[in-house]
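Residue 74 in full-length UniProt numbering is what sits at position 74 of the sequence shown, and the numbering runs on without skipping anything.
One or more hints might be untrue.
Estimated spans, in silico, between C-beta atoms of each pair [unchecked claim]:
(1) Gln-12 / Ser-58: 21 to 29 Å
(2) Trp-13 / Gln-102: 50 to 58 Å
(3) Tyr-88 / Glu-54: 34 to 42 Å
(4) Asp-87 / Arg-44: 18 to 26 Å
(5) Ser-104 / Ser-9: 45 to 53 Å
(6) Ala-100 / Arg-70: 54 to 62 Å
Calculated cross-link-like contacts (lysine-lysine; reagent style DSS-like; alpha-carbon spacing at most 25 Å) [said to hold, decoys possible]:
(7) Lys-17 / Lys-30
(8) Lys-24 / Lys-60
(9) Lys-68 / Lys-22
(10) Lys-30 / Lys-4
(11) Lys-99 / Lys-60
(12) Lys-24 / Lys-4
(13) Lys-99 / Lys-32
(14) Lys-99 / Lys-68
(15) Lys-32 / Lys-22
(16) Lys-17 / Lys-4
(17) Lys-60 / Lys-22
(18) Lys-32 / Lys-17
(19) Lys-30 / Lys-60
(20) Lys-68 / Lys-24
(21) Lys-68 / Lys-17
(22) Lys-68 / Lys-30
Note that these hints are calculated values from the structure, not bench results.
Think of the CB as a built atom: it goes at the ideal place given N, C-alpha and C, for glycine as much as any other residue.
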Amino acid sequence: MRQKRYEMSDEQWEQIKDLFPKTKTGCPPKDKRLMFNAILWLARSGSALRDLLECFGSWKTVYSRFCKWRDDDTPFNIFHALNAEADYENLSIDSTSVKAHQHSAGAKNGL
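Hey, can you work out the whole structure from these sequences and the hints?
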């Protein structure tokens, strides 16, 4: 299956799928992965909520799921779970120096 832009891969989803709260009652909920991909799409594209693509469903459903997850700290739990097992593969420590012109050091003008 080809991964779409802004969506999670199967490997990424496997890492976090168990961190979402279980559904208690009511109608069968929309797929958690679809809702999470919709939230990621909004965050990464910078698009307005009402401009959500139709493939993700109603923007109201995505918004209500986001609020529900926000209220029960699901994003916070995902962050901490992923942070605990960080591999530091792409860690970069940079020491950059910027040389400034002599006039930026406060030298007097023309004297």
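Here's how the hints hold up against the structure:
1. A hinted range of 21 to 29 Å holds for the C-beta pair Gln-12 and Ser-58, which are about 25 Å apart.
2. As the Cβ distance of Trp-13 to Gln-102 is approximately 55 Å, the hint placing it in 50 to 58 Å holds.
3. As the Cβ distance of Tyr-88 to Glu-54 is approximately 39 Å, the hint placing it in 34 to 42 Å holds.
4. The hint said 18 to 26 Å for the Cβ distance between Asp-87 and Arg-44, and at roughly 22 Å that hint holds.
5. Restraint check, Ser-104 to Ser-9: a C-beta distance of roughly 47 Å satisfies the suggested window 45 to 53 Å.
6. At about 44 Å, the beta-carbon gap between Ala-100 and Arg-70 misses the expected band of 54 to 62 Å.
7. Taken as a hint, the Lys-17 and Lys-30 pair is honoured in the structure, with Cα atoms around 14 Å apart against an allowance of 25 Å.
8. Annotation: proposed proximity of Lys-24 to Lys-60 holds, straight-line Cα distance about 20 Å (limit 25 Å).
9. Our distance criterion of 25 Å between C-alpha atoms is met by Lys-68 and Lys-22, whose separation comes to about 12 Å.
10. Proximity of Lys-30 to Lys-4 is assessed by CA-CA distance (about 19 Å); at most 25 Å being required, the pair is judged to hold.
11. Among the hinted pairs, Lys-99 with Lys-60 is inconsistent with the structure: their alpha-carbon atoms are about 52 Å apart, more than 25 Å.
12. Straight-line distance between C-alpha atoms of Lys-24 and Lys-4 comes to about 31 Å, which puts the hinted pair past the 25 Å bound.
13. At most 25 Å may separate the alpha-carbon atoms for a hinted pair to count; Lys-99 and Lys-32 exceed this at roughly 50 Å.
14. At most 25 Å may separate the alpha-carbon atoms for a hinted pair to count; Lys-99 and Lys-68 exceed this at roughly 50 Å.
15. For a cut-off of 25 Å, the pair hint linking Lys-32 to Lys-22 stands: about 10 Å separates their Cα positions.
16. At most 25 Å may separate the alpha-carbon atoms for a hinted pair to count; Lys-17 and Lys-4 meet this at roughly 18 Å.
17. Our distance criterion of 25 Å between C-alpha atoms is met by Lys-60 and Lys-22, whose separation comes to about 20 Å.
18. At most 25 Å may separate the alpha-carbon atoms for a hinted pair to count; Lys-32 and Lys-17 meet this at roughly 8 Å.
19. For the proposed pair Lys-30 and Lys-60, the alpha carbon gap of about 12 Å is at most 25 Å, so the pair holds.
20. With a C-alpha separation of about 13 Å, the suggested pairing of Lys-68 with Lys-24 holds against the 25 Å cut-off.
21. Distance restraint check for Lys-68 and Lys-17: the Cα-Cα separation of roughly 16 Å lies within the 25 Å cut-off, and the hinted pair is therefore satisfied.
22. Between Lys-68 and Lys-30 the alpha-carbon distance is near 13 Å, which keeps this suggested pair within the 25 Å criterion.
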